[in-house]
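Relying on the hints, combine the two individually framed chains into one complex.
Chains as they are written, first to last, in this note's numbering: chain A, 5 to 529; chain U, 1023 to 1549.
Note that these hints are calculated values from the structure, not bench results. Zero decoy hints are in this set.
Calculated cross-link-like contacts (lysine-lysine; reagent style DSBU-like; alpha-carbon spacing at most 35 Å):
id, chain 1, residue 1, chain 2, residue 2
1, U, K1212, A, K269
2, U, K1212, U, K1024
3, A, K264, U, K1212
4, A, K264, A, K9
Listed next, the stretches of chain U that the computed footprint assigns to chain A, with coverage defined by at least 3 CB atoms under 8 Å from CB atoms of chain A:
id, region
5, 1202–1216
6, 1359–1366
What you are looking at is a predicted structure, and each value in this text was computed from that prediction instead of being measured. In this text, a Cβ means the ideal position worked out from N, Cα and C, and glycines have one as well.
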Amino acid sequence: MRLEKLLGDLDDPANPTGAAAILAADERGEMLTAGEAVLDEYCLNAEFVPAALGGRLDDLERLVEVMRTVYRRDPVLGLGYGASSLISGVLLWTAGSPAQKEKAAKRLLSGERIAVAVHELAHGNDMAGMELAATPAADGWLLNGRKEVVTNIQRAQAVVVFARTDPKPGPRSHTLMFVERAPGDGTADLPRFATSGMRGLQLGGLAYDDTPAVALGPVGSGLEQALRALQVTRTVLPAMATGVLDTGLRLAITHLSRRKLYGGKAIDLPHVRSVLAGVFADLLKAEAISAAGTRALHVVPGSTAVYSSAVKFAVSKLVLDGMDRLSELLGAHFYLREGPVALFQKLLRDLAPVGFGHIARAACQMSLLPQLPLLARRSWRTEAEPTGLFRGDLPELRFDRLALHAAGQDPLAASLAAALQDNGIPRDVRATAEANLADLTGLAEICARLPIAELGVDAPSRYYDLVTRYVGLLVRISCLQLWRHSADGFLADPAWLSSPDALLAELLDRHRDHRYFGLSGRRLA
Amino acid sequence: MKVAELEALLSAHEHDAWSPELLAAHDDHDRFPAEAVAVLDEAGFGRNYVLDRDSSFPEMTALIRAVARRDLTVAIAHGKTFLGSAPVWVAGTPAQVSAHADRVRGGEIVCWGLTERDHGADLLAGEFTASPVDGGWRLDGEKWLINNATRGGTACVLARTDPRGGARGFSVFLVDRSRVPDEAWQPLPKVLTHGIRGADISGFTARGAVVGDDARVGDVGDGITVVLKALQLTRIACSGLSLGAADHALRIARDFAVDRRLYGRVLADVPHVRQILGRVAATALTAEAVALVATRSVHALPGELSVVSAIAKAFVPTQVQRLLGSVAELLGVRGFLTSAPGTGFAKLERDHRICGIFDGSTAVNRAALLTQMPRLGRLLRSERVDAEGVRAAAHLDAGLPAFDRNRLALTSPTGCSLVQSLPRVASQVPDVLSEVEDLAEAAAGFVPAIGGLPGTAFDLAARYERAYAIACCLLLWSENDQAGEQPWLRACLAVLLDRDDEEAFDAMAAVLLDRKAPAFSILGEAA
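For reference, chain U alone in the conformation it holds in the complex (with noise of 0.2 Å):
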């Protein structure tokens, strides 16, 4: 499916299943937005979750956030079978990955059992148990805070193997529920939340549900290993929900700026305002440019993407949520109104903020990112890049590799070729050379901290988050012959490296206020 496709389809019903109205309505009452997701369902939309060699990472996110610029609940509710689906494309057999893709492109529901209640993020502590039975396994425990837990068709759970624990000690299972009888498999209730109201977060019981061992995905002890390559796809894929969300709010604050009047001015004429609005749009595409690389390194740079997941993770969601909190205060009460005239900002910024907390949170990437920083800091010093890696990722025409799971890797021997080609790449901007040089002494002499990372630790890692999205701009310009005048990367810069550039800013206000297409894209239009 292409996003114009998709587009045609939503705008389609706009007045019905995907009405504004309808969802809002929705989440107000904590209720299942089935309409909506139901029209998805009709066109087939689970068909985008399956990766195999002929799919495009970044169509795939494309299509994740053209459903999220329309309502974040929905996309949230509905993507949640790629999440779950993920440990399958990633580590399933032949057969599995092959009968798991037919149900999913039949629009089968997978959720994603990984987190339990007092476990949270540590995966290592979890206590659901999968036992050795005659002809296959025995699940025991509780799995909680599952999004789609209870209309989830199919589960796909980690499971402790090993009572021992440990990182060879828990396994990765793919449960058909029709195949488990209803007392050994329970949903729990649903848990009400903060956003996404509607969406099915709630979790799951299971006391002695009996499955086969063709039901288990990967070898015994490699639940750890598949999780945390699977989680390298989904956190990539999980920016195309915050791009969603920046289209949604910068269409939003457009509308607003060009449609006030205050003190005798449309605002959009207002200096100040001005300022903000071109902050706001180049953070967006600060945002975005990590998401566009990040999307394509699945395909050009599979083995760095333990180091890629964690830096999209941790960067995407946090830009765009300071994004919502500049655009809040721009609209003031109409931000925070719900009935008329408010404007869908508020369920949106709500929604939003599960972006920085699931598939592993802001402060859980960077720990991740954290674990490789001295190898990191070592090769931005060698300046060793895989340029064709590189060129892939951010050459926008070139043809991607077909994914090829067989190289995911658990950590990045190469290091990060974006960020280490920033020497070479930002030759012509000094700030962004004398940022490098402190940025790889800093990352050489880090030391992983027994008993747990200082706050300082997370301030470098954020460094080196700013780090990549300077490389990912900078490569995104003069791999696809941007020249001339571009003002996205100047302001995009001036974000990155903090810089008042009130020309850039005022240019990219510009941008937005003229924007027709329904995302805001360092591709123009064209996106």
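For reference, chain A alone in the conformation it holds in the complex (with noise of 0.2 Å):
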């Protein structure tokens, strides 16, 4: 991968992007300018923009791939350079007339910046409580309000903001609005937010008085619009942040092999060994999972109003968990800010977004709760192989296709049942799909009789326990779809499903040959 190439060896400590500058940005506070010169050579924005538009984006797995590269040396720079514009992205590229999106492509083409800004402190995750307000002008709307802790926000040329342009509460109340920074717009800065991780980021907020905009559509379509393109986001910026846990996996491995302990090495521990073959199929599970979600994207994208909140909810739940059991392993070694391991603590505190960032992980439960009695209803008691979710050429992405709500069609779970009908799955892979079909007909049967109108915020609690049943699920299911359709290599092995021993295996070699741990096992830099 070129970008790998680009950015160097970690290691390296006379690598401008490698970890010692990485920690010095972040002991300052600063972006990496090293890594954002690396980014601008490469045009890391061609990423976010679609081909049709003059950019590469076509195939987001590979867009996850990209991005992996960069957030397992430095998430600040994952996000502060590349995520922000990507989400701004999505929401031009979905809500924009065909207009509106060359100008903004040409502009990220250029290099430039496009903030997004949705967030308000008051109101969180509830985006139909945003108040920033729009009003109409002469030739457009005037914005008035405050947006706040968006990333970038004083450093883009450009915004999309979330405004209100119906006082009355509901789903139509709100518009995407594009504002092209100029002097004298209004707009004035709120002080920079500082945080515990990422600590570079260029987090801020914006007064806005009488600033000029334009709509992204028709007016009262922002709320859906925006559900409807972040999907993408909520689904690849989790996949992206597995980068993190195979640097936490190599720096841990290379710690515990130097280190002695009680006589032996410390990799030689028998707990030691079962914790990193515990946590790489954590992250497999995260990649698998990722993969099942973001090809959907592009194959059903009429269901992933349910995938791009399971694939949130569940890989932010193994990456920050397989962190914490990393850090458990390195001991007093994971809390130093200084030496060999020191990226780790800070790859740690930059992780914790991953959990509230976007979109929190309460707030994917209860997306997904309602959902649940039509899925239920409609395919988890049926059987279907699907065709090109799990390997083969992804077809073109359509952000006009992605839809409010799954409607019950939920190919991932339904090809469960037809998964089992091949002869050719070994006899323990097989009883654990069994038990896993058994799970999910069981599940099927509650969940298809839950009473829609006790689905809202006020849920009772064992209802969201039946989400994080049903999301554990889809990662199981991901995992066993994803080892009968590779074709060779280690994945193709059934081993790693359930083998601690295999998984050790891998994972040294891996470590050895220094190749990436997530699916792609690609060499690194």
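Given below as structure tokens:
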């Protein structure tokens, strides 16, 4: 991968985009300038612009893999240089007119940033509650209000703003707006927000006073457009963050291989080995559901209202827990901001927003819960071998096909029963798959009968647990299907699904050969 | 000093030395919280660290908790003096104890030089040496990642006195730095850390530092024994740090839930949020129950501390870290921001991660517990208990016997009376009884493996810790006449047995939301 080479060896102290430089920027609370220069040179923004508009975005799996290269080094660079422009991008590609899209694409391709201002501190994940108001003016709109805790808002040349166009509560009261920053546009910077992780991120806010803007899409369509478009980022942002766990594992293995304890190497302790194998398994699980969710955006965009929240919910937990377990293995060395393991604590801090940023895990549960009854009735007791969800060329990404609700269509879950028709499944894998199918069937019985009126914000906690159970099944099904659809190599041998010994052997081989620990297993710089 | 006095003192300094803004600024700049520490010193807080026949271990731990709930960095930085002094309390001569107690009362800073750069928890690999010279000992070597190593006027050091090493190859020395020339004793640079950023985490190098034989604490060759006994005390005292962190986090969570409106509701009224609040509140109380009984056991069951301390040090920080994870998720961006409207939570969460590491990590303590596991399994089947000891440990109004260091032992021939009480006290709780039966079998059948413990062994240790916590909860309830509806017991059992008990968690949420006292405690507002 070209970007991998450009960013170079993380361990090389002389590398301006290596660990030492990344840590120094973190200590200063700044973006890694040398890293931004490399991404400029690579024109990372082109990855966010659809090919039809002159960019390189035609395959989200590729985008995720490119961004993992960045995230595994510096999540601040990942979000602060790149991903925030990706978020505004998907809103623009979904809601913008052809002329607006072209204009935005031009800006991004020339290296500019477009920030995305949805968040207001008072409303958090409650998008329908956002207050910043847009009122009609002679040739467009005027914005008044504030947006807070927004990445790059001060240094972006344009901003997509989520604005209220109707004071009434409801789903048709907001509109996406496009603001091209200009002197005297009525905006005033709010003080930068300081954070414990992602310290270099340019996290700011703006107060708007009669700031001119143009609408993206019809008036009142903002919430719907955002909920559709952001399915892309809800899926791919957590998917990128798995790169952090790759580096966490690598630092842990390197440290534990050198460390002597009780007369032997720490890495030879059985407990250490089982934790490492477990974290590796979780990384593969996280990337397996990420891959299914990412491909689904191309293949079954009508269903990603479900998969995007499921990916976010599952992957964030897997990677956060994985880093926590590694920190326990590293002991006091995890706690140091200097020395060979120092990058670990930075990555641990930087990873935190994967749980609450963009959309919180609880909000994912809230969005999935009302969809369960229909999914249960229409898909969980069916059997369908999906085409293209796990392998093969991806169809074009169609933002206009993303839907607010999955309407009960869940080809991922339905693929489980179909997989069991495959006679080539080894006995132990089959036993597990059958147990999963029984679980899915049991869940279907409960969920099909859930009273839809009780599935809102005030739903009882046990219903939230049903969501957790469902997402767990999606993860296991993704792993099974990933194995079935892998043609060769480690992932094609079912051992990885259940054998800690096989996992550990592969993990140590990849560490020795300096290969990525996730699905791609590619060589690293 | 009583907790109420301390609370009053710290409240009086809320706008200067103990202001959260100042403490946050120190943290941000990796600066020692000198003003806050000075307030404690001026009030003579050091006297609480002296452990003699008049001391109350539960009260000392409660004081550490009260400091920790305002600022964990300060509690760790200051409380280190107790850790460094524990070997003297455990093994010092009367003259050493008396002289050291005077110094500690006077505000002496003591560090504990245990770990070395390449060996961490592997004490038997230590390379810091003490060699006999005329009239004393010559110290050479390095200790690293030592809290207060630079500021400490006194260092308590574990040194190799037999070049061959081994369990009898080490001794403990108490070094008065003012009596050692500077060139023989050099502090190492401050180490930058993930949390407790202001604390003095550094180390020292001794090069031919000569001390008298009166600096030796305990007999030559007794070092490992002294350290292991001292750790029994310090590992239990550390629970105060985690409980303080839990108090702090629960206060932040409560304020957040009460003040925050989303989706047209106050968060505290959203059923799912209430379940999360109730669960974290109950999680805190499971940790407190263990800490209460463990600190009382220092007096009541001193012969069992080898087991109790390992359980407390593994269980309490782990539960509290889990609690912090749930609160972090609840707070979202407010738990991540260090500027307004951030809450101080981010610092607290970073700070607390050290509690599961220092003074023996969770894994080290679980390994220690596992060495006694076969006996613990056998004794659990036999149901033998020190009934008087159990009652004194769990009955909060019972007077505690004076701490008697001579009853400390490296292993516990009587096992763990708390866990062994379970068949009796859990007679009304069928799922506990069946768990106890399974646990006894697994523990008795456990064979400490050659070549390191497998991951499953650590699960067994965690299971034993949970059984201990269940016993603590049940006994605290039954021994203290907390008859009638006690939501905390049901909620704690739900946490420990991994049951879904919406009603109990909802009731705990109500208790938390109603909370007025600075501590969140089984003891209620009285704590």
